[in-house]
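> As a plain string of letters, each chain reads:
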Amino acid sequence: MGKPQLIMTRHAAKDYKSSVKPIWCPGCGHFGVQAALFRALEHLDLPPEQVAVISGIGCSSRLPAYTECYGFHGIHGRALPLATGLKVARPELTVIVASGDGDAFSIGGNHFLHACRRNVDLTCIVMDNEVYGMTKGQPSPTTGPDWHSKLMPEGTGINPLRPLAVALASGAGFIARGFSGDPNGVAKLLVEAIQYPGFSLVQILSPCVTYRPEERHWKQQVHAIGMEPTTNPVEAGQRLFADDGLSTGVFYRAVLPGYPGTVRARSDDHLAAIEAELAL
Amino acid sequence: MSAIATLEELLAHAHNLELEAVERYQELADQMVVHNQPDLVELFRTMVRVESLHVDKVRDLAADRELPRLAPWGYRWSTLESPESVPIGGESYGMTPRRALELVLASEERAYAFFAGVADSSSDPAVHQAATELAEEERQHAALLREWLTRYPAEADSREPLDMDEPVEQD
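Protein chains in written order, with the working numbering: chain H, 1 to 280; chain R, 281 to 451.
You may find that some hints are simply not true.
Said to hold, decoys possible - With a straight-line Cα cutoff of 30 Å, these simulated BS3-like cross-link-like pairs (lysine-lysine) come out:
hint	chain 1	residue 1	chain 2	residue 2
1	H	Lys21	R	Lys337
2	H	Lys21	H	Lys219
3	H	Lys136	H	Lys150
4	H	Lys17	H	Lys136
5	H	Lys150	H	Lys219
6	H	Lys136	H	Lys21
7	H	Lys17	R	Lys337
8	H	Lys14	R	Lys337
9	H	Lys219	H	Lys136
I should point out that these hints are in silico values taken from the structure, not numbers from a laboratory.
The structure presented is a predicted model; accordingly, all values stated were derived computationally and were not measured.
Model the full assembly from the supplied sequences, consistent with the hints where possible.
Dropping the structure here:
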């Protein structure tokens, strides 16, 4: 018998990547989000089979197909309730939600509010490009009032949603923003978010180079918050209302009780109870 | 930003730089497969092969040394990503071979600047020697890419090819 072979237990970023080739447009910011997520999972050394990526509909929501982790490509706006159900049933899994500004804040807006207040231990990544890209360029809830397009030549004239302020008001305990052109910076945010024991929201500015080519300039415009995260919701609110929408980092990190069902250990009794409940 | 002080630290940076370059070129090749750009697929796959050799070389240099395990955000890059990775956002599904070569050349030049900077700033002879050697390889790559660029004159390549299916906003 030869020398025993060294068993490598560490996971590399490429181990989380599936063989499916992304159909995102070349230059799409979502490639940076994907790289950041895989680097974060590598850093945490999470086995792919212990991670589930849940999504709704949209360009961002294609992410589950591109990973070797478990995944569920759900219906529009419903990623958060799907993920909530999974986490309650399988609390030992690391559950990541991949969503976009339309999916999370418009079609899934109601679910977003309640996911924030329930504080189930999920990490919600919202790839925000301020446009519905997959359906060819309609304004989204985060689109500015004066963005002109062939569809909306005068702009919408409507103030954009402030999703981080809404999350704070709804009870989210971890609120952060990153920029997809900085995958290593986003990886750091995602590591913190995944380790946070409760609902964590990470909005990632992710340029749509096809319908919002001007968003390429975000690279020159984003800037760090320049402050440590606060645990004070009043201070966090002041920061978020003074924010220009292009600052990156962790705004708020509260100490809140997590949803109890997401921290209990899985047991056969628990599964038996679910089975009994579902029996016809 | 503090300087790279040890050979192990330099090799950890070099390994990450080359590995991420391989991964990004592979990603670009895959994108161009999806968008039916066979010339660009070939270019980026060539770069995957070239950079993979660099990964092997760094591993040989490291031999049985234990390299520090750094967090993705713990590397001392002056760029948002490792310097040899083509930055996300610069590419396009309709880019010409010349544009693609320019992106690749810029990446090689950033890698050269990184290693040359380490060589210049280090007082450790082993770090200086390894960084000089790595910088020289990047310099040679950049020279080769400049030669390749002459095959695609700028005047014949002033605009991207006509897009037969350009994106259009729809109601």
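> For this structure, which hints from the list above don't hold up?
Result: no hint breaks.
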